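Peer 1: Protein chains in written order, with our numbering: chain A, 1 to 283; chain B, 1001 to 1330.
Hints in this document: simulated from the structure, not taken from any laboratory. Model, not experiment: these values are computed from the prediction. Do not take every clue at face value.
Stretch-level coverage of chain A by chain B, calculated; a stretch enters the list once three of its residues show a Cβ under 8 Å from a Cβ in chain B [claimed, not checked]:
no. : region
1   : 86 to 97
2   : 174 to 183
3   : 272 to 283
For every residue, glycine included, the Cβ atom is placed at its ideal position computed from N, Cα and C.
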Amino acid sequence: MDIRIIEESVFKTLMILSLTTVIGSLLVVIGVILWRGLPVLTLDMITKTAEGGYYLGTGGGILNAIVGSLYLAVGGTALAFIISVGIAFYLQNEYSGGTRLASMTRLSLDILWGTPSIVYGAFGFMVLMQLNMRASLLGGIIVLTLLEIPIMTRAMEEVIKTVPQELKEVSYSLGATRLETSIKVVAKQAFPGMITGVLIAFGRGIGDAASILFTAGYTDRIPGSLFDATASLPLAVFFQLGTPLPQVQQKAYASAVILLIIILIISITTRLIGKKYTKYIIR
Amino acid sequence: MSDTHINIQDFNTYYSGHQALKNISVDIPKNQITAIIGPSGCGKSTLLKCMNRLIDLTDGATCSGKILIDGEDIFDKKTDITDIRKKMGLLAQKPTPLPMSIYENVAYGPRIHGTRKKSKLDAVVEKYLTMVGLWEEVKDRLDSPASKLSIGQQQRLCLARGLAVEPEIILCDEPTSALDPLSSQHIEEQLLRLKKDYTIVIVTHNIHQAMRLADYVVHLYLGELVEHGLASEVFENPKEERTRAYIDGTFFTDLAIDKEINLKGNVCPYNFVYAKQALHTLEKDDVLRIIVDYPTAVTEVPRGMETDGHNVIRVKQINESDWEIIIQKK
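Please build the complete structure, drawing on both the sequences and the hints.
Peer 2: Here is the structure:
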């Protein structure tokens, strides 16, 4: 048989194998979590805060962690968005074309992206100590913001780069400034992709445990102000799995299911919003 | 000759070392159609891009010399670039609607220049869509995406969008090269109608189009200004040999071809090498016809041949995938 045909089929098999690994592991992860989590997922879990301590208490639910996680992730994502949009637009050629500052920014973002989140956590903790503050919602939000900025910025920049040069030229040729072009043309064309960037960063933010371990703390209550410590879902899973009590360990899977569902809901709704705006996009 | 609208003086453009325009000095007359002609890669589009300073967006491009519009130097540091661009509508090679509705596309320019009132914008949109003959076709679906229009309609929309900022000059960069013959005709008719109110500069490598439209012709070759003058004079009695060759080249019909080679399936640089070998076997002034199907070859082979001093007579697409390149040995 022709060697080239054999090559072809070997590579095809390898590719299919890689594909099935990805899809397969996703299905297994979801399957195991649902199988362990669904039986313990009661209404109480999502409507009550923890009772009897989050570590050893068997009563109540994890409402404190759900609300805490949403506060943290939404706050962090919103702050990161404000900063990332600015950076991503600045990295366009018109503003920073070929300058040292641009390449320095890209390098810093890549390094920040690769920094383990526990390092962010340790850094945030140190700063809080210096400021004589305790672990708080605000501290958690700020650390998550730092964590999300590189992810969001790089994702947005990639999308903004794909906006055809001709579109920008048209806008400039009509006498638009760089800002007008960025907001009215580039952002419009790149909108769905930018939403995806926000979503990826949100997913990373809501799922991260290490960075908020020291900065947001953990508590049984729903935080009443930015300066209160707050619970979060990833840490709920972490603490619940770590207890010696089997009933509490079980609840960890329910917490994981809830985390999954939140991410799913957010993904689907943002995608729907994004879809609404793809109507005018030039392909 | 009527008044000068755009006055270009000793103008040079460099792309990171490579000189794309060499000492261009030419006056572009007001309220006439000026065609810039010349083979691919001769700097036609670059010159056009300099006129509205879109060249600023190209990395590594530098310019020297002056371009005066209504006597104002557009490369002067004190000049407000958005004002300059507002004076000029641009019609690009490929129709490029903005990612918004038909209405918003036309209203985009007036809106950024300060027209906010809905009734005023409505009037502007209707006026310019009517002017380009698109109003009747789209008046019931002004809110639908501009990208849903046919290519020909899109190009007319782009023209309307350019006109809506009330420019004095319309710059066209091969505006019909992506269009079907009927849509092209539409655009050409529009341009002829518009010239009484606007100064029009059109870049084209279609000599027939230049003849149909132009009052004034500028011929560029490899970045140099070869000849410029009234269209009637340049086309009928070119002063320069190179202009004559260029105009005649496009009219060649029964060319005595001395050798023909088929280079389909070859990629660069092999098709160039084979073509060179084939030329080597020929006598001076003999004509070689080569067929290529590799897109890069379509531009690179003629450029290489011209660099070697041969005369590229014709580059033409003959079917879906194939191009013919006719070269005369020098």
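Peer 1: Next, verify each hint and record whether it holds.
Peer 2: Hint check:
Taking a C-beta to C-beta cut-off of 8 Å, the region 86 to 97 of chain A contributes 3 residues in contact with chain B, enough for the three needed, and the coverage statement holds. Only when three residues or more bring their CB closer than 8 Å to a CB of chain B does the claim for the region 174 to 183 of chain A stand; here the count is 5, and the claim holds. Under a criterion of three residues with beta carbons nearer than 8 Å to beta carbons of chain B, the stated coverage of the region 272 to 283 of chain A is upheld, 5 such residues being counted.
Violated hints are absent here; each numbered hint is respected by the structure.
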